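Student: Residue numbers for the sequence shown, in the working numbering: -4 to 608.
No lab work stands behind these hints: they were computed from the structure. Careful: at least some of the hints might be erroneous.
Claimed, not checked - With a straight-line cut-off of 30 Å between C-alpha atoms, the simulated DSSO-like cross-links for lysine-lysine are:
1) K44 x K500
2) K540 x K471
3) K540 x K234
4) K211 x K553
5) K553 x K155
6) K556 x K500
7) K601 x K500
As the list claims (entries may be wrong) - Computed beta-carbon distance windows for the label pairs:
8) K129 x S530: 47 to 57 Å
9) N325 x N145: 49 to 59 Å
10) P287 x E213: 30 to 40 Å
11) P151 x Q1: 16 to 26 Å
12) D591 x D(-2): 53 to 63 Å
13) T223 x D(-2): 55 to 65 Å
14) N468 x E213: 36 to 46 Å
15) S159 x L2: 31 to 41 Å
16) V480 x K240: 41 to 51 Å
17) K307 x N188: 45 to 55 Å
Note that the structure is predicted; figures quoted are calculated from it, not measured. Glycine is no exception: its CB is placed at the ideal position from the N, C-alpha and C atoms.
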Amino acid sequence: MPDIIQLLPDHLANQIAAGEVIQRPASAVKELLENAIDAGATEIQLILKDAGKELIQVVDNGKGMSPMDARMSFERHATSKIRHIDDLFSIKTMGFRGEALASIAAVAQVEMKTRQHHEDIGTLLIIEASEVLKQEPVACSAGTSFSIRNLFYNVPARRKFLKSNTSEFKHIIDEFTRVAMAYPEISFRLFHNNTEQFHLSTGNLKTRIIELLGNKSERNLVPVEEDTELLRISGFIGKPEGANKTRGNQFFFINNRFIRNAYLHHAVTTAFDNLIEKDAFPFYVLFLELDPQRVDVNVHPTKQEVKFDDDKLMYAYLQSTIKHTLARYNIAPSLDFSLNAEIQNMDAVRLPQTEQRKAETQSGYLYQSFSQAGRAHLIEKTNDRQQWKEQREHFMPSMPTMPSLSNKVNADSDNGLSDQSAMDFVEISNHEQPVLQWRDYLLSTMKSGILLVHQKRALERIQYERLVSRMANEQKVSQQLLFPVSLQLTPADSALLEDLLPFLKNLGYEISPLGSHTYAVNGAPPDIPSGREQSILEELLEQLKHESSNLKNQLQEKLLKTMAKRMAQPSLLTPGAAQSLIDELFACEQPQYSPDGAKIFTILPKENLDNLL
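Start from the sequences and build out the full structure, keeping to the hints where you can.
Tutor: If you want it as structure tokens, here you go:
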């Protein structure tokens, strides 16, 4: 048998290796911005065309490079940061492996102009697919201008998997935000398709946060400052009332390098226990400075995952600092500031179910969380619209007689209905007992037991089906606002809103651009509570900007679900209004589950109640 193992050609090996470092335009942006910072730049410009697919250009006023260094910078594993293995554990620069430029040059058309400040003439270098086409002297500004054109032009399979311009631009904004956030002493400008999106002047961290995340974040910022022999913690956390419904706006930096770390995130969120809702996420921008020898950043190609020499001690310091900060600003009434803060083990972070929630589950908590598989199963069971249509005929109070459903509806442990479920359904639409309200629930007595309805989930189902009907029938019902609302957005949110405008128009929103990422809301759907027109839009954008879906139908579905959830506002109801809500629920196509698959109502049989006593 002949030998079959061969060495790959250099150009193919480079393209394969590039896939580990450069996954999309945002990856190249991150590498170039970090190179500019390592070069000591105080002014950095990022210029994009078509979300970086056609052009990514980074211009800085850093040190620049000599002709030899310019050529060597594109060689794989050529770096100025490391000479010995021990240097890996004292790295303070952003880059150090010498892979980024070689990876970019393998999958793009690259042009670099660079000049050192003490030189009169710079160097021009043109490279395509790792091949140097030209190197010559050139007149240029001090610093470096690095241009990437037609990323992945020679790897069609990878280019085909790039998302829409809006999606790719959002990823670039994310990377730009993380880099610019860490260096408020550097001026940044971002241009996209000849339009300036960001102009960040030098300043302090608070100013930089407001410039990047919007003015509304200013009123919620609480400064964090703690200095110990082990580490220094600084930055800002958000007040509990400013907590978001998504995981956005949470930033960890280790020695000015953005990282992701579920363990440290858990330390922060547990410090907010009992201060924010269970489904809310605290805002934080936190910088941890420690000896580089105590943290390993050489774990992942993106350098966004790190390892500490003592995870538990880091956890305790961070959690204690956040609790101390909350107490210092009279946000938390009584807290333990000692370093004996409860330290969760790593497994607990992966399965963050508290003992209290376990106890609630074991005691028969009425509305347990469904697993993803369970929810999918339940939703699939209710997708048969004809089945629900047949059952709804028995719910409608206008029917003069109610045929028995006992031979059509099977008892099922998954749906929580008893053997009398068919007759119970009939009673739901015909009972004349008063409807009582207790916290989140509506209760009504029936001959066979008690009907229990979760009010907010019922409202979500009703609002969702109204929106679906309005979208399907193109009923553009809008309520004009007496005073138009001004909506000022970040560039990323502005790009998302532009994509959503056709959907929002069909739902009843009337939105017109005013320039500079500002919009006027002139009309809104009639179901939106008065005064909530702006906040619901902002919540929609906050929720949807973290969605990875690039498909129109999936985006529309997520928009409708999110909007229904935001429009559903539980309140104290009169018995008549409560009865009307129940009637409207059972006129829905799928009354048993909320749009997210959570159970809306259950029937507690009389026999089960008797067994409780």
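Student: Could you run down the list of hints and mark each one as holding or not?
Tutor: Status of each hint after checking the structure:
1. Only pairs whose Cα atoms come within 30 Å are accepted, and K44 paired with K500 is accepted, the gap being roughly 28 Å.
2. At most 30 Å may separate the alpha-carbon atoms for a hinted pair to count; K540 and K471 meet this at roughly 25 Å.
3. Of the supplied pair hints, the one linking K540 and K234 holds, its CA atoms being roughly 22 Å apart against a limit of 30 Å.
4. Proximity of K211 to K553 is assessed by CA-CA distance (about 25 Å); at most 30 Å being required, the pair is judged to hold.
5. Distance check on the hinted pair: K553 and K155 sit about 25 Å apart at the alpha-carbon level, within 30 Å; holds.
6. With a C-alpha separation of about 16 Å, the suggested pairing of K556 with K500 holds against the 30 Å cut-off.
7. Proximity of K601 to K500 is assessed by CA-CA distance (about 49 Å); at most 30 Å being required, the pair is judged violated.
8. At roughly 55 Å, the beta carbons of K129 and S530 sit within the given window of 47 to 57 Å.
9. Hint check: N325 to N145, Cβ distance near 56 Å, so the stated range 49 to 59 Å holds.
10. For the hinted restraint 30 to 40 Å between P287 and E213, the CB-CB distance of approximately 33 Å keeps it satisfied.
11. Checking the proposed 16 to 26 Å range against P151 and Q1 shows it holds: the Cβ atoms sit about 24 Å from each other.
12. Look at D591 against D(-2): about 57 Å separates their beta carbons, and that is inside 53 to 63 Å.
13. Roughly 60 Å separates the CB atoms of T223 and D(-2), a value that falls within the hinted 55 to 65 Å.
14. For the pair N468 and E213, the beta carbons lie near 42 Å from each other, so the given range of 36 to 46 Å is met.
15. Here the CB-CB span from S159 to L2 is close to 39 Å, well matched to the stated 31 to 41 Å.
16. Distance hint for V480 and K240: a CB-CB separation of about 21 Å, inconsistent with the stated range 41 to 51 Å.
17. Between K307 and N188, the C-beta spacing of about 48 Å keeps the proposed range 45 to 55 Å intact.
Comparing the model with each earlier hint shows violations of hints 7 and 16; every other hint is respected.
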